[in-house]
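Undergrad: Chain by chain, the residues:
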Amino acid sequence: MSSALRSQQVSMENKLVVSPSPHVHSGDSISKNMYGVLIALLPAFLVALYVFRLDALIITFASVVFCVIFEYVIAKFIMKKQPTVFDGSAILTGVLLAFNVPSNLPIWILAIGALAAIGIGKMSFGGLGNNIFNPALVGRVFLLISFPAQMTTWPTPDVGATTDAVTSATVLSHLKFNTPGLPSLTNILMGTEGGSLGEMSAVALLLGLIYMLWKKIITWHIPISIMATVVIFTGIFYLFTPIPQYNPLIHLASGGLMLGAVFMATDYVTSPLTKKGMLIYGFFIGVVTVAIRLWGAYPEGVSFAILLMNGFTPLINYYTTPKRFGEVKKNG
Amino acid sequence: MLKTFRIGGIHPKENKFSAGKTIQPIALPKQVMIPLSQHIGAPCQPIVKKGDKVKVGTRLGKSVGFVSANIHSSVSGTVNKIDKVLDASGYKRDAVIIDVEGDEWENAIDRSETVKKEFNFSSREIIEKIAEAGIVGMGGATFPTHVKLTPPPGTKAEVLIINAVECEPYLTSDHELMMEKTEEIFVGVQLLMKAINVPRAVIGIENNKKDAISKFTNVATSYANITIQPLKVQYPQGGEKQLIDAVIRRQVPSGALPISVGAVVQNVGTAFAVYEAVQKNKPLVQRVVTVTGKDVKNPCNILARVGTPLSQLIEFAGGLPETTGKIVSGGPMMGKAIAGIEVPVTKGTSGILIIPTLEAKRKAMKDCIRCGKCVNVCPMGLNPTLLMNLTEYEVWDRAEKNAITDCIECGSCSYTCPADRPLLDYIRLGKGKVMAIVRARKN
Amino acid sequence: MSILLTAVVTLGVIGAASAAILYLIGQKFKVVEDPRIEQVQEALPAANCGGCGYPGCGGFAAALVKSDTMDGFYCPVGGQATMDKVAEILGRTAAVSAKKIAVVRCNGTCEHRPRVNYYDGASNCAIASSLYGGDTGCSFGCLGLGDCVESCTFDAIHINPETMLPEVVEDKCTACGACVKACPKDLIELRKQGPKSRRIYVSCMNKDKGGVARKSCDVACIGCSKCFQVCPFEAITMENNLAYIDDDKCRLCRKCVPVCPTNSIWELNFPPRKEVKEEAVKAEV
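Protein chains in written order, with our numbering: chain U, 1297 to 1628; chain V, 19 to 461; chain W, 94 to 378.
Honestly, the hints are just simulated from the structure, not real lab data.
No residue lacks a Cβ here, since even glycine has one placed at the ideal position from N, Cα and C.
Treat the hints loosely; a few may be bogus.
Stated by the list, open to error - Reference listing, derived: stretches of chain V covered by chain U, where coverage requires no fewer than 3 residues with Cβ under 8 Å from a Cβ of chain U:
id : segment
1  : 389 to 401
2  : 440 to 450
Said to hold, decoys possible - If we take Cβ atoms under 7 Å as the criterion, some of the chain W residues that face chain V in the derived model are:
id : residue
3  : 101
4  : 215
5  : 224
6  : 225
7  : 226
8  : 360
9  : 364
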């Protein structure tokens, strides 16, 4: 029985409302959380603006517009249900997609990415809450495989220069393919090295993490377990062979790791429910990421690692239960 | 760091508008409706009939069965009829309707204000007096107190925990009672200790009642075996299992009673009722009720006779505001919404909360975004979103395995859900079904 | 050549070994099943609705074959025809039972039974009824939240948006009883479909006293006993201020219908009466 039908028949004018308890609500909502994440993305966006200037604005804006339009059209005309584009989730997908592509990506490719993200990644499963894979990452990986050249040619973020025609490699491809010119760690942290739009500055992304933890949008379990795993895993190699390829700090601060750990892996829908599950999920994302980075064909593996673990999330949810009351040992 | 329970929990806005308002008696109603079932368990058998004259304290209903409680008249007058009356349960149930004439009390009841501290009763005598007076848990669960004080054979109580946390937002009836009847409550606690024969008692009070904490701590200096435990403000600290965890750091296992970790929990209001019953021979015929709400003109704490229509209490608090959207009997987290105000006050009515129209209706439910916030706040360590799905699809074996019967129905999950999902509505339904299945299997 | 030979031999050996293992295990764990179970199951409609009281058609067939009689076994979906067929397979004779159909015993439409409060919980009758009596003055009547609709696997019951009451689609209803179990107010009953679908029943379950019942709903049974007195076949019983018509005893004489002061007795699919009693006749479809 649809509630819309019901409310037509039963007007609530001057009638007492009766419902089961509780009778108060925290006021939390989906859109509050989504806009909260968007606020947390602001520092990274500002860095992107500073580094890539107008390009960053155009790519981000276009990506958001595409995502919102695709979601609206698919919901309204194909799924025939009330579009919920203003809950902020489509905007978030748009921003995250933009943050995962080079700043000079042609707009038409971006549009294809947005369609893959929203159409395949989200709406084909039934919309927000029902998707198995992170929509923005679906879009990103779709583009990475379909347009490898455009997706891995980054403009040199020569801050202040008038031209951005020169392209350069990312830190990780320096490592992978042993090209000369590896930048210093400070530059990597502050985000003045090559890479996708949003993955420039680890510091800006960490600011976002602190904001989200403070606002209780996410818990620490996923980002910290990913980062810790990456540091420990590469650290073990670094102890034996101290070469830049194994430097845990470079691995932590470069590429999409921060963006992935803080904003992509923590996506509510596609990550586990329980804390235990989150730690398992984070651990494996870290392991897979490092494995791809060290031994895989791609220089970067965060997106693949997250998507892979997204697929395992239902299984993790099935096998992990929260710590129940009464299971704690008596210590009184 | 103040103590609190260790799993989950939320902190809703307290909104204790009626805090510090002295308990006021209200005029006697013209007619009272005294339900024969004001407790968990079997309803009473009426022992009066139409036309009978009754006084305050006259027994109206006799308890039948093990879990049941006596019912007494709260007024003097003539029994008009015994009929079905709509009560806070949402259904019509049998009640004794009495036309009020004067205010005559049974002779045995000591109505003086003096605090009578000395007593010389055995444990059995105290429990008998409590049973006779029809005392039930005053926190809202209304479980007959004498049953709770008779632990199953083979168990031994070590500590009495007094629930003075009043963790429900808005409500202040316990708080006010603690401020005004401090000495009486301490005597009541001693009586309860004697009844279950424990060497010590702990009174748990939430830190938002600082005046009560300091007053109780002062008085406790003259009672060597009673200690005061201030607690961090956290809902649902008033839950029996949560309170035990917070106070003595022991967790009652799934499906077990508090006695399994050596604890017995009683509400502070119950302690006062026990004092009155044992020391003053006064049955449970009145209680403190908070009338409150954002738009209520005069939020207050009222000493009301059982059976008084809620409408009279609301009238005393300034009448129903124009913005009234929902009326709740009890607190906002676990109270029951009622469909009309001609419902009688019962032993378990701790408050009347009037919610304005703007906040009365729930928001439309959306799809679950699997944020896991309900899992984080659940004080029993359950997975509410999973339990709701299992109930919706009637997968009872998995619901049972995921401990749906552990749910204490505190509502923290529904309160928190950003997608406005009615988690508790479904879990409550599923819990009932699974309990029925378990019961059927046992027989 | 030798590589080819090795490959062929290796694969052949592995294949043969696997086949042997499979065969042995198959023999060891062989379940001897009465072949009639499968025959019976094939005769059943395969609706797996559970209306017979067994877990699906397979469970029903197994229980039926194991048992010695046909008593107590009835497939509401297949009806008499199926039961006859099954009885033939088993060499028994099926008991004759009349085709039944679900009827909703509440006529508290929005007009007859005004809403007095607004229910705002989950859209589920079981949840609403565990909370309170309902959003009308009558605590026995239909809540209109559609648990019966959810429970029906045959798409045979729907909520009419005009009346907010469920209506049974006669052609689709198989009398499996799922809705009877789903309704927390016990409003739905399986009754004899009757000749030409003609049937008479009291469309109310209100057990309140007459005045109280009437106050909350225009068409409530007020327990006045007029129908009870007029019935020549003793088919009507009065209990808890409520009349009930026993469909085994009722001969469809229709005498009770016009005497009901609140029109709470329904007659379905009868030809219109000669007298001007338009209102009493609520012929459906």
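Undergrad: Now, for every hint given, state plainly whether the structure supports it.
TA: So, going through the hints one by one against the coordinates:
1. Counting residues of the segment 389 to 401 of chain V whose CB lies closer than 8 Å to any CB of chain U gives 11, which reaches the minimum of 3, so the coverage claim holds.
2. Coverage of the segment 440 to 450 of chain V by chain U holds. Counting CB-CB distances below 8 Å, 4 residues qualify, and the rule asks for three or more.
3. Proximity of residue 101 of chain W to chain V is violated relative to the hint, the smallest CB-CB distance being about 50 Å (cut-off 7 Å).
4. Because the beta carbon of residue 215 of chain W sits about 4 Å from the nearest beta carbon in chain V, less than 7 Å, this interface hint is met.
5. Using the Cβ-Cβ criterion of 7 Å, the hint placing residue 224 of chain W at the interface with chain V is satisfied: the shortest such distance is roughly 6 Å.
6. Against a cut-off of 7 Å between C-beta atoms, the interface hint on residue 225 of chain W holds, since the closest Cβ of chain V lies about 2 Å away.
7. Checking residue 226 of chain W against chain V: minimum C-beta separation of about 5 Å stays under 7 Å; hint holds.
8. Residue-level restraint check for residue 360 of chain W is violated (minimum Cβ-Cβ distance to chain V is 31 Å; threshold 7 Å).
9. For residue 364 of chain W, the shortest C-beta to C-beta distance to chain V is roughly 41 Å, which exceeds 7 Å, and the interface hint is violated.
Consistency note: the structure conflicts with the earlier hints numbered 3, 8, 9.
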